[in-house]
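Peer 1: From just these sequences and the hints, can you work out the full model?
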Amino acid sequence: MMKILAIAWKDLRSTARNVPALVMMLAAPLALAALLGFAFGGGGGFDIAATKVVVANLDGGGAGAGQTAGAAIQTVLTGEGLEDVLETSTRSSAAAARQAVDDGEAAVAVIVPEDFSAVVYGGDPAARSQVEIYENPTREIGGSIVEGVVGQVLADINGARAAAAGAVALAAAGSDPIDPRVLAARAAEQFSHDGGVSAGLQIGQRAPRVGATEEEVSVTGLILAGMMVFFMFFGAANVARTILTEDRDGTLPRLFTTPTRHGTIIGGKFVSTFLTVLAQAIVLLVAGRLIFGIQWGPLDAVVLLTVVTAGVAGGLALLVIAFTRNAAQAGAIGAGVYLVLALLGGNFTGTAQTGTTYAFIQRFTPNGWLLHGWDTAMRGGGAADLRWQLLVPLGFAVAFFFFAVLRMRRRFA
Amino acid sequence: MSIVEVKELRKQYDPPKGVLAVDGVSFDIAEGEIFSLLGPNGAGKSTTISMLSCLLRPTGGDATVAGHSVVSNAQAVKETIGVVPQDIALYPDMSARENLVFWGRMYGLSGDTLKQRVDEVLELITLVDRQKDRIEKFSGGMKRRVNIGVALLHKPRVLYLDEPTVGIDPQSRRSILDGILALRDQGMTILYTTHYMAEAQELSDRIGIVDQGKMIALGTHEELVKIVGQAARVTARVDHSLEAMAERWREVAGVAQVTIEEDEAVLLTDDANEVLPRLFEAAAAAGSRITEIDVREPNLEMVFLHLTGRALRE
Numbered sequence: 009m010m011k012i013l014a015i016a017w018k019d020l021r022s023t024a025r026n027v028p029a030l031v032m033m034l035a036a037p038l039a040l041a042a043l044l045g046f047a048f049g050g051g052g053g054f055d056i057a058a059t060k061v062v063v064a065n066l067d068g069g070g071a072g073a074g075q076t077a078g079a080a081i082q083t084v085l086t087g088e089g090l091e092d093v094l095e096t097s098t099r100s101s102a103a104a105a106r107q108a109v110d111d112g113e114a115a116v117a118v119i120v121p122e123d124f125s126a127v128v129y130g131g132d133p134a135a136r137s138q139v140e141i142y143e144n145p146t147r148e149i150g151g152s153i154v155e156g157v158v159g160q161v162l163a164d165i166n167g168a169r170a171a172a173a174g175a176v177a178l179a180a181a182g183s184d185p186i187d188p189r190v191l192a193a194r195a196a197e198q199f200s201h202d203g204g205v206s207a208g209l210q211i212g213q214r215a216p217r218v219g220a221t222e223e224e225v226s227v228t229g230l231i232l233a234g235m236m237v238f239f240m241f242f243g244a245a246n247v248a249r250t251i252l253t254e255d256r257d258g259t260l261p262r263l264f265t266t267p268t269r270h271g272t273i274i275g276g277k278f279v280s281t282f283l284t285v286l287a288q289a290i291v292l293l294v295a296g297r298l299i300f301g302i303q304w305g306p307l308d309a310v311v312l313l314t315v316v317t318a319g320v321a322g323g324l325a326l327l328v329i330a331f332t333r334n335a336a337q338a339g340a341i342g343a344g345v346y347l348v349l350a351l352l353g354g355n356f357t358g359t360a361q362t363g364t365t366y367a368f369i370q371r372f373t374p375n376g377w378l379l380h381g382w383d384t385a386m387r388g389g390g391a392a393d394l395r396w397q398l399l400v401p402l403g404f405a406v407a408f409f410f411f412a413v414l415r416m417r418r419r420f421a
Numbered sequence: 011m012s013i014v015e016v017k018e019l020r021k022q023y024d025p026p027k028g029v030l031a032v033d034g035v036s037f038d039i040a041e042g043e044i045f046s047l048l049g050p051n052g053a054g055k056s057t058t059i060s061m062l063s064c065l066l067r068p069t070g071g072d073a074t075v076a077g078h079s080v081v082s083n084a085q086a087v088k089e090t091i092g093v094v095p096q097d098i099a100l101y102p103d104m105s106a107r108e109n110l111v112f113w114g115r116m117y118g119l120s121g122d123t124l125k126q127r128v129d130e131v132l133e134l135i136t137l138v139d140r141q142k143d144r145i146e147k148f149s150g151g152m153k154r155r156v157n158i159g160v161a162l163l164h165k166p167r168v169l170y171l172d173e174p175t176v177g178i179d180p181q182s183r184r185s186i187l188d189g190i191l192a193l194r195d196q197g198m199t200i201l202y203t204t205h206y207m208a209e210a211q212e213l214s215d216r217i218g219i220v221d222q223g224k225m226i227a228l229g230t231h232e233e234l235v236k237i238v239g240q241a242a243r244v245t246a247r248v249d250h251s252l253e254a255m256a257e258r259w260r261e262v263a264g265v266a267q268v269t270i271e272e273d274e275a276v277l278l279t280d281d282a283n284e285v286l287p288r289l290f291e292a293a294a295a296a297g298s299r300i301t302e303i304d305v306r307e308p309n310l311e312m313v314f315l316h317l318t319g320r321a322l323r324e
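Top to bottom, those sequences are chains A and B. Each residue of the first sequence is one higher than the last, beginning at 9 in the numbering used here. Each residue of the second sequence is one higher than the last, beginning at 11 in the numbering used here.
To be clear, the hints were calculated from the coordinates, so they are not data collected in a lab. Errors might be hidden in some of the hints.
Claimed, not checked - For lysine to any residue, the following SDA-like pairs were computed, each having C-alpha atoms within a straight-line distance of at most 25 Å:
hint : chain 1 : residue 1 : chain 2 : residue 2
1    : B       : Lys17     : B       : Leu65
2    : B       : Lys142    : A       : Arg21
3    : B       : Lys125    : A       : Met9
4    : B       : Lys125    : A       : Leu13
5    : B       : Lys224    : B       : Thr269
6    : B       : Lys125    : A       : Arg256
7    : B       : Lys147    : A       : Met9
8    : B       : Lys142    : A       : Leu85
9    : B       : Lys142    : A       : Ala24
10   : B       : Lys17     : A       : Ala24
11   : B       : Lys147    : A       : Arg21
Said to hold, decoys possible - On the chain A side, residues computed to face chain B include the following (Cβ under 7 Å):
hint : residue
12   : Arg25
13   : Thr259
14   : Thr268
For each residue, glycine too, the CB sits at the ideal point set by N, CA and C.
Peer 2: Here it is in structure tokens:
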């Protein structure tokens with residue numbers, strides 16, 4: 009262990025003395041985030057992709073009704089005019105609908121309760137029912153659309169119920185025939201006074217991943233998260249590349265002539281790489297908070313995400329080094345790998361409002377998962393809400409490190 | 011008693027068609043001995059040392075150091091040896107002391123023992139007053155001294171030095187050679203590779219001459235010189251017709267061998283004093299004039315020439 013720390017300490021000191029590398033690792037991501045943040049004016053600017061919605065219509069129907077009220081909601085959500093922004097499918101149960109959101113298959117679940125038509129078509133004007141909207145808080149735009157559409161339907165139904173109640177009350181008040189004009193006026197009055205979503209039919213919102221206190225996220229924060237992960241990959245590569253420069257300069261072969269095991273030497277290199285990018289991330293997180301006022305999220309989530317991001321960066325850097333011959337080749341190939349991963353993973357575009365295909369592709373990259381994690385954390389998600397965004401990249405990191413060590417053991421045997 | 015035993019050591023890169031760098035080399039080194047591997051660049055000296063350092067895996071044969079096999083017990087071998095590579099293998103952005111401390115840790119030293127050994131080595135390589143300066147500010151000779159010092163930190167029983175005097179000034183070279191002799195006097199066993207004949211001759215108790223991956227001769231300096239029959243080497247230049255002149259000299263009594271190397275003739279003879287007048291006479295008879303002549307008594311260069319037909323260029 010002492011040898012691992014000695015190797016790591018030696019590399020860390022060397023990195024600290026490398027001013028160009030420090031500029032690349034720290035100043036570049038901050039500058040890019042600032043530029044892009046200003047370019048987007050701190051607000052939106054990304055195209056909105058169709059939001060995936062699942063509907064669980066559990067409505068059991070009501071007396072005398074042809075179409076259930078729940079079916080009316082479903083019809084509106086799949087109707088013309090919304091197909092560009094909502095991609096709707098159905099689920100047979102509330103649990104299945106919620107699970108679809110939990111698994112990321114959909115952004116929003118609309119769950120119509122069993123008593124919905126009974127309340128709508130029933131004779132009790134005081135009866136209440138609630139349509140549940142279960143949404144992934146990181147897809148806030150799609151969620152708002154669904155909420156607006158469902159809310160409008162409920163407001164219409166509430167209005168109709170109020171109008172009907174008014175008409176019934178008028179009819180019950182006297183024995184003379186009712187003037188149709190008076191009846192229409194009373195119904196309209198009731199509609200406007202007692203209709204709306206605040207009446208008997210309501211939306212019940214649930215956001216299981218981060219709770220109901222979703223935070224506003226600045227565009228600069230999302231951009232800096234992307235830049236941070238991207239430049240952490242480069243920072244890690246810069247340190248890991250010392251394996252190849254040491255091989256060229258003769259110090260690595262000399263290390264192999266000492267009674268120090270190969271695994272210890274590679275372990276020392278990984279530790280130095282890991283600690284360097286960890287320090288890089290801490291500096292960027294603090295700078296982001298102080299300069300841009302970014303709220304990174306709950307401490308436990310930020311700590312775990314930072315550690316896992318550093319692990320992925322370190323593992324990937326070692327993997328690239330293991331399969332390249334010299335520092336120049338590692339620089340060129342590494343840059344290509346990191347750039348492709350960044351493009352696929354969403355480092356330059358964010359992950360919150362992306363199309364279905366792109367969101368699918370992002371799942372195959374560690375940075376895609378990490379960026380989802382940072383996004384969720386910035387919206388208030390804690391460590392418990394980030395289990396997959398932590399476990400999957402951690403799996404990537406372990407796999408990268410495993411294959412890197414395997415390759416290096418053969419290469420330097 | 012032998013502390014290093016090398017048996018039929020062989021290294022082929024990218025077998026079966028790759029370069030055969032070392033081809034069945036065998037030798038042993040007694041404890042406290044300086045043994046030199048002498049040969050031209052590319053002869054296989056560094057590859058041999060790399061295998062004995064457990065840096066390269068032999069493709070055939072084996073070697074033991076203090077009874078430990080380089081093939082099957084590399085870790086024990088590495089604890090026994092110190093290796094001074096041909097090129098400077100230090101961290102230039104670290105000071106001499108920082109380098110020694112780091113490498114000491116890699117040899118398993120720590121605490122007071124490490125500090126004490128670093129101080130002792132700094133004394134030994136006479137760099138106490140420059141210990142805090144970065145290696146990148148050092149001269150070539152000073153870097154070489156630190157390069158050697160690193161290998162001495164853990165007091166190895168066997169020290170490998172791979173051409174440690176390449177590219178340095180005569181004063182630094184003298185200092186390093188004296189240091190090596192002092193280490194031998196302290197009982198350290200030394201395996202030294204060089205293509206400098208004079209160094210091998212001065213330092214070595216025994217010398218192995220290698221060429222094209224093979225050990226072509228092995229013994230003490232005196233034993234090796236006997237291979238060429240105590241012949242002297244005469245090098246001569248003439249004003250014209252060198253090849254015709256060489257043909258005439260081949261017929262001169264007392265001349266054992268004549269070869270041409272670039273613009274001079276190289277002759278081997280048992281008695282230079284007797285032969286020299288005849289060479290001048292033969293030149294005069296052929297209408298040539300000797301413009302330069304040099305006589306050397308038998309040495310390792312001549313042994314190499316005798317064995318390979320080529321000069322061992324310094």
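Peer 1: Hint by hint, say whether it matches the structure.
Peer 2: Evaluation of the provided hints:
With a CA separation close to 17 Å, the supplied pair B/Lys17 and B/Leu65 stays within the 25 Å bound. Among the hinted pairs, B/Lys142 with A/Arg21 is consistent with the structure: their alpha-carbon atoms are about 15 Å apart, no more than 25 Å. Only pairs whose Cα atoms come within 25 Å are accepted, and B/Lys125 paired with A/Met9 is accepted, the gap being roughly 19 Å. For the hint pairing B/Lys125 with A/Leu13, the CA-to-CA distance comes to about 18 Å; that is within 25 Å, so the pair holds.
Annotation: proposed proximity of B/Lys224 to B/Thr269 holds, straight-line Cα distance about 24 Å (limit 25 Å). Straight-line distance between C-alpha atoms of B/Lys125 and A/Arg256 comes to about 29 Å, which puts the hinted pair past the 25 Å bound. At most 25 Å may separate the alpha-carbon atoms for a hinted pair to count; B/Lys147 and A/Met9 exceed this at roughly 32 Å. In summary, the hint linking B/Lys142 to A/Leu85 is not supported, as the alpha carbons are separated by about 75 Å, beyond the 25 Å threshold.
For the proposed pair B/Lys142 and A/Ala24, the alpha carbon gap of about 18 Å is at most 25 Å, so the pair holds. Pair hint B/Lys17 plus A/Ala24 does not hold up; C-alpha atoms about 48 Å apart against a cutoff of 25 Å. A C-alpha spacing of about 18 Å is found between B/Lys147 and A/Arg21, which places the hinted pair at or below 25 Å, so the restraint holds. For A/Arg25, the shortest C-beta to C-beta distance to chain B is roughly 6 Å, which falls under 7 Å, so the interface hint holds.
The interface hint given for A/Thr259 holds, since its Cβ lies 5 Å from the closest Cβ of chain B, which is under the 7 Å cut-off. Interface hint status for A/Thr268: upheld, as the beta-carbon distance to the closest one in chain B is roughly 5 Å, under 7 Å.
The structure shown violates the earlier hints numbered 6, 7, 8, 10.
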